[in-house]
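*Asks:* So you can see what is in the structure, the chains are spelled out below.
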Amino acid sequence: MKKEMTDDELERRGAYRARLIAHRNVATWGEHLVPLDAFRHAADGAGQSLSAADRAVASDEYLRSEKDQTPVEGPYSKVLAFGGVYNNHLALNALLEEARREEAEALYCLGDFGGFGPSPEKVWPLLRDQGVSCIQGNYEESLSTGREDCNCGYTDPRDNYFADLSYRYTAENCSAEFKAWMGSLPKRRRIRLGERELLLVHGSPRRINEFLFASASPVPFLEVLLNQEACDGMLFTHTGLHWHRRLPSGRDAVNVGVIGRPANDGDTCVWYCLLEDRNGDLSVQLRPLRYDHMALADEMRQEHLPREFVETIETGWWTTCLEILPARERAASKY
Amino acid sequence: MNPEIEDILEVTLQYGPATVLTNGVILTPPRCRRLKRLTDASEYSLDFRVSLDGYDAATNDPIRGRGTFVRILEGASNLFRAGLNPVLTVTEVHAANGTVRGKQRFLRLLRELGIDKPRLKVLPIFKLGAETERTEAYARWQRLTESETPEKGWGHLQCSSSRMVTDRGVWVCPILVNYPEAKMGEALADTLRDYPLRHSACWTCHVYGVSCKT
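In order, the protein sequence lines correspond to chains A and B. If you read the first sequence in the working numbering, its first letter stands for residue 117, the second for the next number, and so on. If you read the second sequence in the working numbering, its first letter stands for residue 397, the second for the next number, and so on.
Note that these hints are calculated values from the structure, not bench results. In this text, all values refer to a predicted model and were calculated from it rather than measured experimentally. Any given hint might turn out to be false.
Straight-line Cα separation of at most 25 angstroms, SDA-like style, residue types lysine to any residue; simulated pairs [to be verified]:
{"hint": "1", "chain 1": "B", "residue 1": "517", "chain 2": "A", "residue 2": "438"}
{"hint": "2", "chain 1": "B", "residue 1": "499", "chain 2": "A", "residue 2": "303"}
{"hint": "3", "chain 1": "A", "residue 1": "183", "chain 2": "B", "residue 2": "588"}
{"hint": "4", "chain 1": "A", "residue 1": "194", "chain 2": "A", "residue 2": "175"}
{"hint": "5", "chain 1": "A", "residue 1": "194", "chain 2": "A", "residue 2": "366"}
{"hint": "6", "chain 1": "A", "residue 1": "303", "chain 2": "B", "residue 2": "438"}
{"hint": "7", "chain 1": "B", "residue 1": "513", "chain 2": "A", "residue 2": "427"}
{"hint": "8", "chain 1": "B", "residue 1": "548", "chain 2": "A", "residue 2": "320"}
{"hint": "9", "chain 1": "B", "residue 1": "513", "chain 2": "A", "residue 2": "302"}
{"hint": "10", "chain 1": "B", "residue 1": "432", "chain 2": "A", "residue 2": "414"}
{"hint": "11", "chain 1": "A", "residue 1": "450", "chain 2": "B", "residue 2": "438"}
{"hint": "12", "chain 1": "B", "residue 1": "432", "chain 2": "A", "residue 2": "361"}
{"hint": "13", "chain 1": "B", "residue 1": "513", "chain 2": "B", "residue 2": "445"}
{"hint": "14", "chain 1": "B", "residue 1": "499", "chain 2": "A", "residue 2": "274"}
{"hint": "15", "chain 1": "B", "residue 1": "548", "chain 2": "A", "residue 2": "281"}
{"hint": "16", "chain 1": "B", "residue 1": "513", "chain 2": "A", "residue 2": "361"}
{"hint": "17", "chain 1": "A", "residue 1": "450", "chain 2": "B", "residue 2": "481"}
{"hint": "18", "chain 1": "B", "residue 1": "432", "chain 2": "A", "residue 2": "320"}
{"hint": "19", "chain 1": "B", "residue 1": "513", "chain 2": "A", "residue 2": "444"}
{"hint": "20", "chain 1": "B", "residue 1": "548", "chain 2": "A", "residue 2": "432"}
{"hint": "21", "chain 1": "B", "residue 1": "499", "chain 2": "A", "residue 2": "183"}
{"hint": "22", "chain 1": "B", "residue 1": "548", "chain 2": "A", "residue 2": "177"}
{"hint": "23", "chain 1": "A", "residue 1": "450", "chain 2": "B", "residue 2": "556"}
{"hint": "24", "chain 1": "A", "residue 1": "238", "chain 2": "A", "residue 2": "414"}
{"hint": "25", "chain 1": "B", "residue 1": "517", "chain 2": "A", "residue 2": "177"}
{"hint": "26", "chain 1": "A", "residue 1": "238", "chain 2": "A", "residue 2": "440"}
{"hint": "27", "chain 1": "A", "residue 1": "194", "chain 2": "A", "residue 2": "414"}
{"hint": "28", "chain 1": "B", "residue 1": "523", "chain 2": "A", "residue 2": "414"}
{"hint": "29", "chain 1": "B", "residue 1": "513", "chain 2": "B", "residue 2": "496"}
{"hint": "30", "chain 1": "A", "residue 1": "183", "chain 2": "B", "residue 2": "517"}
{"hint": "31", "chain 1": "B", "residue 1": "548", "chain 2": "A", "residue 2": "262"}
Work the whole structure out from these sequences, hints included.
*Replies:* Written out as structure tokens, the structure reads:
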């Protein structure tokens, strides 16, 4: 049997309902409540409404291809590209041996030499003296200009806390000469591989610290970037997660991965990219690379780097910088 | 919630990633399972941000409505159980929301609810609308000036590369959608130009690095 409501309950319910419908036919215009019609009338008359022809002009202008003056290197038939060294000199050494075995004609490093791992100076001679063509990542840009932070682009306080530890360690253990060398590097390169011209950047063509994750990079967006840069493909890194997509236009978007830390999949290997011209077609191979990760973990402990970083090297799972991941990549994480 | 939201998301995910900002109160288990099937069928990410205003009913419900705290957490749990781990966004509307102790207490509660990879984002308050009466409006100095232009420009602001598309036109961003003067045009092509950063909300985005993205 339904219980009768007391007067007090009826009054509370009435007040609750009144609150629920209080917004009907009114709109919040800034700090004020106004009649909904008044808001709609003001909104209908606001902004600009271009003609169809002017919209076409505006769109064309926005999507306009504007090729920069970056010289085109090559032509090559086989190159090896990698990013995110993160002070991992052991993986870099292993990669240089791999490049010799593969008889790659050129090696390209897409930036972020420092951070995360131990003893930043150890990677410098390997990059400088072993014929690696480099571009600046956000780390090199920040270190060479004396910035107080790495400009990694994280938005979460925990991510930024560890990014800060990592950056400070690298900044304090890098020589002025190494930093100056970083500042002398270009921020983009172009290479010819067979018939194709590829653009090499750190984050994206438009921002050095843009995160291009596979699950958050729509095909039309990638096509627009390639159109604007007038190239046949682009290589980038920064996210730490490798991927490749052949676009409907036949062009390629390739995140070449990083050799500084594993790819958050429970495997301790790191990743690089081998690109080959095969009779006019571009072959893109994303490959795992084994190195002595336990030796690196020992070095990291000796340098008193955070145990969270060491755990990542030892287990293959990220323990930091997780909050920037889109839902799909985060779902594949252990933490 | 739009009754066609699942169809809308299904189409959206054919073209790119989507982030749903929701109060979470009608995320039932069957709906969450259907949403999971949508994301499994796409190569793109489907993210959820579930918003609340406090770490308990006593602080959340006076702002969000009676009983909403429990329903929001139910919705978040349903998403998590379906395999869609939402980001819980909490505004700094109460002082405790931004403190380590407050966050730890809330994260503990989420783990007790079975959300073992809790994601929490604390957002600054935009002193707009009802917030101006609840606390205070922006001070005169809380505005961007030419002299504050960063060396690398304004690329960190979300409005540098996105717009808010509605059925009544295109606005510069979701925060200013209650201001007719922030409407830029009728179609995206009308809005491919800069928007003056003259609103105090722009100051909040710049100073706190606010983004509607993950």
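*Asks:* Hints first: check each against the structure and report whether it holds.
*Replies:* How the hints compare with the structure:
In summary, the hint linking residue 517 of chain B to residue 438 of chain A is supported, as the alpha carbons are separated by about 13 angstroms, within the 25 angstroms threshold. Restraint check: the Cα-Cα separation between residue 499 of chain B and residue 303 of chain A comes to about 39 angstroms, which exceeds 25 angstroms; the hinted pair is violated. For the given pair, residue 183 of chain A sits about 20 angstroms from residue 588 of chain B by alpha-carbon distance, which is consistent with the 25 angstroms threshold. With a C-alpha separation of about 37 angstroms, the suggested pairing of residue 194 of chain A with residue 175 of chain A is violated against the 25 angstroms cut-off.
Restraint check: the Cα-Cα separation between residue 194 of chain A and residue 366 of chain A comes to about 19 angstroms, which is no more than 25 angstroms; the hinted pair holds. Restraint check for residue 303 of chain A and residue 438 of chain B: not satisfied, since their Cα atoms lie roughly 34 angstroms apart, outside the 25 angstroms limit. Of the supplied pair hints, the one linking residue 513 of chain B and residue 427 of chain A holds, its CA atoms being roughly 18 angstroms apart against a limit of 25 angstroms. Our distance criterion of 25 angstroms between C-alpha atoms is met by residue 548 of chain B and residue 320 of chain A, whose separation comes to about 15 angstroms.
Between the alpha carbons of residue 513 of chain B and residue 302 of chain A the distance comes to roughly 40 angstroms, so the proposed pair goes past 25 angstroms and is violated. A C-alpha spacing of about 41 angstroms is found between residue 432 of chain B and residue 414 of chain A, which places the hinted pair above 25 angstroms, so the restraint is violated. Of the pairs offered as hints, the one joining residue 450 of chain A and residue 438 of chain B holds, with about 22 angstroms between alpha carbons and a cut-off of 25 angstroms not exceeded. Distance check on the hinted pair: residue 432 of chain B and residue 361 of chain A sit about 24 angstroms apart at the alpha-carbon level, within 25 angstroms; holds.
Straight-line distance between C-alpha atoms of residue 513 of chain B and residue 445 of chain B comes to about 14 angstroms, which keeps the hinted pair within the 25 angstroms bound. Between residue 499 of chain B and residue 274 of chain A the CA atoms are separated by roughly 12 angstroms; this keeps the pair inside 25 angstroms, and the hint holds. Our distance criterion of 25 angstroms between C-alpha atoms is met by residue 548 of chain B and residue 281 of chain A, whose separation comes to about 24 angstroms. A hinted pair counts as satisfied when its Cα atoms are at most 25 angstroms apart, and residue 513 of chain B with residue 361 of chain A does not qualify at roughly 29 angstroms.
With a C-alpha separation of about 13 angstroms, the suggested pairing of residue 450 of chain A with residue 481 of chain B holds against the 25 angstroms cut-off. Restraint check: the Cα-Cα separation between residue 432 of chain B and residue 320 of chain A comes to about 30 angstroms, which exceeds 25 angstroms; the hinted pair is violated. Restraint check: the Cα-Cα separation between residue 513 of chain B and residue 444 of chain A comes to about 14 angstroms, which is no more than 25 angstroms; the hinted pair holds. Distance hint between residue 548 of chain B and residue 432 of chain A is unfulfilled; the C-alpha atoms sit about 35 angstroms from each other, more than 25 angstroms.
Between residue 499 of chain B and residue 183 of chain A the CA atoms are separated by roughly 48 angstroms; this puts the pair beyond 25 angstroms, and the hint is violated. In summary, the hint linking residue 548 of chain B to residue 177 of chain A is supported, as the alpha carbons are separated by about 22 angstroms, within the 25 angstroms threshold. With a CA separation close to 34 angstroms, the supplied pair residue 450 of chain A and residue 556 of chain B exceeds the 25 angstroms bound. Distance restraint check for residue 238 of chain A and residue 414 of chain A: the Cα-Cα separation of roughly 15 angstroms lies within the 25 angstroms cut-off, and the hinted pair is therefore satisfied.
Note on residue 517 of chain B and residue 177 of chain A: the hinted pairing is violated, with a Cα-Cα distance of about 37 angstroms set against a maximum of 25 angstroms. For the proposed pair residue 238 of chain A and residue 440 of chain A, the alpha carbon gap of about 29 angstroms is over 25 angstroms, so the pair is violated. Between the alpha carbons of residue 194 of chain A and residue 414 of chain A the distance comes to roughly 35 angstroms, so the proposed pair goes past 25 angstroms and is violated. Between residue 523 of chain B and residue 414 of chain A the alpha-carbon distance is near 50 angstroms, which puts this suggested pair outside the 25 angstroms criterion.
Pair hint residue 513 of chain B plus residue 496 of chain B holds up; C-alpha atoms about 17 angstroms apart against a cutoff of 25 angstroms. For the proposed pair residue 183 of chain A and residue 517 of chain B, the alpha carbon gap of about 39 angstroms is over 25 angstroms, so the pair is violated. A distance of roughly 15 angstroms separates the Cα atoms of residue 548 of chain B and residue 262 of chain A; the hinted pair therefore holds under the 25 angstroms criterion.
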